[in-house]
Every structure is written in structure tokens, then in C-alpha cells.
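Undergrad: Sequence lines, in order, name chains A and B.
Here this note's numbering is used: the first residue of the first sequence is 1, the next is one more, and so on.
Here this note's numbering is used: the first residue of the second sequence is 457, the next is one more, and so on.
Heads up, some of the hints might be wrong.
Computed beta-carbon distance windows for the label pairs [said to hold, decoys possible]:
(1) A:21 - B:800: 36 to 42 angstroms
(2) A:306 - B:464: 36 to 42 angstroms
(3) B:619 - A:306: 41 to 47 angstroms
(4) B:697 - A:295: 30 to 36 angstroms
(5) B:505 - A:430: 42 to 48 angstroms
(6) B:705 - A:102: 35 to 41 angstroms
(7) A:9 - B:681: 55 to 61 angstroms
(8) B:800 - A:177: 45 to 51 angstroms
(9) A:258 - B:705: 54 to 60 angstroms
(10) B:736 - A:17: 47 to 53 angstroms
(11) A:61 - B:760: 27 to 33 angstroms
Simulated from the structure, these hints should not be mistaken for lab results.
A virtual CB, placed ideally from N, CA and C, is assigned to each residue, including glycine.
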Amino acid sequence: MISDAVVRKLEDIVGSENVSTSPTDLHVYSYDASIAHATPDVIVWPQTTEQVSQIMKLAYEEEIPVTPRGAGSCLSGGPLPLKGGISITMTKMTRILDLNPNRLQVSVEPGVVVDRLNEYLQPHGLFYPINPASSSIATIGGCVGEDAGPLRGVKYGTTKNWVLGLEVVLPNGKVIHVGSKTFKHVAGYDLVRLMVGSEGTLGIFTKINLRLAPIPEAVAVASAFFDSADAAGKGVRDAILSGVDPSGIELMERAVVEAASKHAGLKLPQAEFLILYEIAGSKESIEPRVRKLAKVLKEAGATAVDVAYEAEERARLWKARKAAFPALSRLRPTCIMEDVAVPIDNVGKLLEALRSLAKKHDVMVATFGHAGDGDLHPTITTDERDEEEMKRVAAFRADMYKAVVDLEGTITGEHGVGITKKPYLKLQFREDEIEVMRSIKRAIDPKNILNPGKII
Amino acid sequence: MSLKDYEGEIYTCLRCGFCQAGCPTFRHTLNESLNARGRVILAKLYLTGQYTPDEDYMQRVLSCTLCDICKVKCPPKVEVAEIVEALRSELWRSHRDLYPQDIVESINSILERQNPFGVPREQKMRSYEGESSVLFFVGCSSSVYYPHMAENTLQVLRALGLNPTVLGQEEPCCGYRLVEMGAVDEFKRVASEVVSFLENRGVELVITNCPTCYKTLKEYYKRYTSLTFEVMHITEWLVKEAKFEGELSEPMTVTYHDPCHLGRSMGVYEEPRQLLESIRNLKFVELPKSREESICCGGPIRALYPELASKMSDEVVQGAIEVGASQIVSSCTTCYRSIASSAAFHAEVDALDLPTLLARALRRG
Ligand SMILES: Cc1cc2nc3c(=O)[nH]c(=O)nc-3n(C[C@H](O)[C@H](O)[C@H](O)COP(=O)(O)OP(=O)(O)OC[C@H]3O[C@@H](n4cnc5c(N)ncnc54)[C@H](O)[C@@H]3O)c2cc1C
Ligand code: SF4
Ligand code: SF4
């Protein structure tokens, strides 16, 4: 519990309208998009770096846990204050500070929502390519916190490839600047990479300098159908190896296509696996690349390949992909979206493993995801009120992570470890390795006040 | 339906938070308990008995305008507004003492005086004898505060060959505020009384100008009773049954604000636009957010939370200024009042109600 005196000090720092101890608000801020929950003692909405620094100084002195929060769309419990304390919510720091088109850079505050940034950049012919499926609400700060991945990860990678510099408030309240304004720099340890994906455990980002990309001139989307996991895996791998340079490769298995077509009112051909490929670039380059892609996919075993050049037709396909999760969520009361990744030549094997494990544990699992990054979202539909079924779900999850690690993969490609995957980190890393992570955490946050209880 | 009946809907909420991209009470407060996800969580807490019934809890629940844009942004299309209504009906039973006095008075006023404003029934506008089977249901807001809108509606209908009856002081209140605020038992009673009153008068067609009366008669009543008469919004009648044509003497740039109850709730988007487009010398421009994406004007919560409501209507007015409109037309008295109060601060733009504009265009004024 936090004393009234501390609450008053917080009010002095940010103004009483930016502090809440209302039980109603505290209940709501106990949740994100995961199945976990944990309640803060107080919520604070800072508006400046100076305020964040003062809050951290106070928390450091009083040894109060502080957990950063953006839009709260995290799927692993990252913004949930496991040890109570302060929920520091960054959604009121929403300024776009400095756009420099000649450098392909923009500097933003952490509460800027990804779609808002892209609306702002569009007239300049630029975009920030890392738009997760949650881009209509996800904050840049939250994306940096989770190292979020986009739908077009094959070409653009993840957040870490686009963050050039950060202003960070450390647990003791000191403000540091890491990174540089150049596209490359090797001066000292790469603290930007350390911070990106740190899930709010090492520092609070108050300014973020991002790299931007020019909007491609033309886009086409090819859809390919496969009858087996093995062929679908080849369809992913060979498309990347072929050099046609797809920007995104998204996969949906039969159950997902069925649910999504129904939900979005679309007619899509049914196949065991449907894969969408986006090809973007100069106008002249598109057609020859698409033709080559179609040939490669047929050789990989695709039963059919269709191409959409028109914006409307492309939108229809992306609509189906975007309907995947919501459609599945309507099937049963509880829906758990998992997130695992393997090297791109193991995607077929992962798809096979998921199917046989679902059968073994008798759970409903439907898989879709960013196959081109090897990152899939096996989605479990269940009922959290059914204890016996939840036990089977837990057993499936444990086996799935083991299978993923056996396939040289990772227990999370983009949603983070947070609370929900913490027990499984040791499947992927040995104790010595986790101990290095712990010692970094200790060095930066000796009192363990920043988002305690997460990851390690 | 009780809140328990919505348990499945509550569990369908993924807590993804996508509703933040629409919910106006969240956008203007940035407090997640004033967002749809927050309100669904508050409903769940009520079901499990974990909530703290206090002023904040009530404010978070009562400030929802039921505008339904959360559903547009919601991947699984959770019926948040219906969940909020059901939650309010529980609160009305279990925590009536926590309701702001304003609401209690408004509810009593409907039951005692057939209007939600606490004014004597005699303040409603005058009646007009017309065809007995066709009723122009004016609605309390227009009848008490904006009778000219009703007069203009009548003028337009008559000019196009329809001479409906107007009940004046005899017109009952549709009772929307009851179902809006959770007084469901009271609403059921009112609904069946109004329906049998209209049936006994031999009404076959009810025409409304007020989108709230329209939705209440056409949709809410159907939850509890069956209707023997047809309900049409004036814009539907004008487009379907008449051929409206008009002209303005001076050029005018007009935008149209979709009232939540007419647009998102009832799907009437095209008719008002068709009417506007049929007026010569009128240049029609769309607001930056229109149709499904239309922004709630804050009208439903203006009396309770004026500061928040003003931010919402300011946003509508800013949009109109952005697209260069000199008039923001709406076919709703609640929207009109809300938008006019924000437009008053801007010389370049005004609020205008659709019937008044149509009547003027008929006169070629
Ligand atoms: C339906 C759905 C689809 C999704 N799709 C994708 C997808 O395609 N790709 C993907 O990668 N993710 C996806 N996500 C997960 C999630 O939306 C992303 O991780 C997103 O980047 C989180 O942003 P947020 O603003 O909601 O952050 P939050 O959830 O509030 O926080 C995320 C983490 O970042 C930390 N944090 C937040 N702000 C700061 C800050 N300023 N400084 C330091 N730490 C901070 C928090 O402590 C927390 O650990 C999806 C989620 C949902 C519900
Ligand atoms: S109905 Fe409107 S105000 Fe209510 S939660 Fe939904 S979007 Fe918000
Ligand atoms: S968008 Fe829908 S499912 Fe997502 S949190 Fe809001 S109400 Fe729940």
C-alpha cells in the first residue's frame, strides 16, 4: 500500500487531475489483453520527462514499485503491476516532436499511437513500417517496450531495427540518452538494443527517435493455397530464398480461414493453408517479381496462386487476415493468442507439431501469423471457467514451448515474456544466461522497483 | 435482459483495447475506465461482486453515451452499449441512492409529466388535427424547446402531400431516458402504455424527426412488445414516399453530422444525404469522420458531465471548420443543441436542423 503522503507528493509532481487512487480506476488498470491481472495502488499520468524523473526519484527513495503502461494492449501482462505500486501511464505524452524528412527520422513522445504517427507522416511520403495488428491503439513506447513486430516483418524486421535513439528515465530518476542520430554507430555498448524489448523493466522511455521509410510506389498481394504443413513450410522458405523480396508473408490455417471468412463476410477458397505474400516496390518491378513468385510457389507445392493488384482486392485479403483473431475469439468464451517463432526453414515442422499437440491434449488450436518471420500465433479457444480444460491448455502450452525450443525457436517472437511466459524462459536459456540478464537488471535497477517480477 | 444474460458477451471481450480508437469518453479523458474495455471490466466486477459502488464507479458507467462506436472498432463486435444498459439496470435496482439527482428527477418527470425535463406537460407545443392514421411524433425535446423544428417538419410533409396528426400536449414521452439510465421496469410499462395508446387511436404510420424517439419506438419497444404500426424517420419518408426538391437563394456549404441513434444504431445514412444533395445551390461536404465513424456530439451526457460533453461537441465543430462548412446540419434535436453550444464560439460555422433547412429550400429561401 502507498501512504497518503506519497500520493500527495505525486499530486504535487503531476497535478491532482493526473493521479487516481479510485478503486474503480485501479480495477480497470489491473488488466491488459492477456489473461493475467494485477492491481496498482495508484495511477499516474505524467506529461513531461521532468515529471517522470521526479516520480522515479520519489519511488526510488521510498522503494515503491513502478510499472510503465501504454495502451495496455500487451498480450503477456507486461504493463500489469505485479507488486502493486505506481502504474505510470504514458498516454498523455503524445507530441510528435521533430520530423526530419531529409534524414528519414522523427522524434516522438512515447504516448504517440502508431496509426496517428503514420497519418502524420503520410503527406510527406514517409511511413513508420512497424505497425503491429494493434496499431490503431498501440503506443510507440509500448512497441519499444515489447519490440513489437509488424505484418511486414520479412522486409522491415521489428521495432529494434527502427529505433535510433532513446531518452530514458532510469529507476533512480536520472535521465540518459542512448543511441545516435546516425543509421550506424558502434560507440560503446548498444544500449538501444538493450532497452528495446526490455518490457518496462530497465527504464522509462520519454523520447524516441525513429528511422522512417519512403512509402513504396506500388503493392501487390499474392494468395497461395497449400494442402500440407510441409508444402506450406516450403512455400514460406522458398519465397524468401527466391530473391523476389516479399515485404510480408502471412499464414492462416483452415480453421482460421473458415472463421475469418464467416466473420468478415468474405468468400475465400478453402484449403489446409492459405498464405498471403505482399510484394512492394517500384511500379515496374512488381509484375516480374510476382510472376517469379507464382512459379516458385507452384514448385513448392501450392495448389493454386492468385494475385491481387487492385487496392480493393488487396484490402479484401488483408481484411480476412485481420479478422483472424476476432473471428476465433467468437468461437469460445476465452481466447489465448500464443506467439512462438522458429527459423524460417522450420515453419512446416512447427505447423505439424502444433496440430499433433493440439490433438494430444484435446484443445482447440487454430494457427495464423507472420510466417515469413517464422513467427506464428497458435490461438487457443477455451473457457477460463472450466478448470479441467484449463489444465489441458496449460499442458499444451508447456509442450508447445518445448517443441519450439527443439526446433531452435523462441518462446516469444513479439509479445514478450511478461508474466505469462516467465515460467518458460528457462526452456530457452540456461541458468548462466538468465543470471547475466539478472545482473544487468541489478546494475540498472538495484532496488528492483521498475516493473518487478517480470521476465526473469 | 439482466446483466447475467450478457455474461457471454462480457466474456467475449478480449480486453484488446481496440475500442480506445473510437470511444469518445476515453479520447477526451485518457482514463481507461471511461473506455469501453473499462466499462466491460466494471460490468464483470459487478457480476462477481468485486466492485466498489461509489461516485467514481457510477460516473464511469453513467458517462457512456451509448454511441456504439466502440462496436465499430471492436474486433469481435462486443455489444458494449447493451452491456452498459444492463449494468445500469442492475444499479438502478441496487444503488438508486448513488444516482445523480438530475437523473432521478428526469425519470420521475417522465412518469409524472410525460417529459424528461421536469416542465409541466402544458409546455409542449400545440396539436394539429390531420389524417388520423398518420402521426407525426414530435418528441419532447422539439415539442418543449424547439417547436419551430416541428412546425418546419410539418410544413415540409404537408407540401409533399402528407397531412399527419400532431398530438401536442397529449403526446406521450417515448421513455428513452428510462431505458438509457437503467429504469427498465418503468420503461417496459411506458412502452406498453404508449403502444396501446397509439393503437387505440388507430395509428398506422408514425413519423419521427427525433432519432432517439425513432430508435426507441422502432427498436427498444420491440424488445418488450410487438408493434402494429410502422415507424419511419422523416428522411426515410421523404426519400421513399415523396420526391423532395428544393433550392437556396444563396450558395451554402453544408456538412452533415450523423446522429448516433439514426446512423450507427439504425443504419439511416443515405437518406439525409440524398435530401441535402437534392437542394440546388447547396454544396455538400462530408465531415472528416462520418457515417459509421461519426463522432458522438456528447449530447446524451451534457446535463450530467458538461465539460466532457463540450469536448466532444467541440471536436465535431472543429471537423466542420476543417472541411470548410458554414452549417452543420443534423436531424436530431440533442445533436443540434450540443453542436450549437460549441459552434457559438466560432464565427465561421453554425448548427442547423434538417427540417428547418428543408423548409427553407422548399420556399427557395
Ligand atoms: C489483437 C492484438 C493484436 C496484436 N498484434 C500484435 C502484432 O501484430 N505484433 C506485435 O508485436 N504485437 C501485437 N500485439 C501486442 C501489443 O499490442 C504490442 O506489444 C504493443 O506494442 C503494445 O503497446 P501498448 O501501448 O499497448 O503497450 P502496453 O501493453 O501498455 O505495454 C507493453 C510493455 O511496454 C512497457 N512500456 C509501455 N510504455 C513504456 C514506456 N514509455 N517506457 C518503457 N516501457 C514501456 C510496459 O511496461 C509493458 O511491459 C497485439 C495485441 C492484441 C491485443
Ligand atoms: S458506447 Fe460510446 S461512450 Fe459508451 S463505451 Fe462505447 S464508444 Fe464509449
Ligand atoms: S475492442 Fe471489443 S473486445 Fe477489444 S477490449 Fe474493446 S470491447 Fe473488448
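Undergrad: Let me make sure I understand: some of the numbered hints might not hold for this structure. Which ones are they, in numerical order?
TA: The structure breaks hints 3, 4, 6 and 11; every other hint is satisfied.
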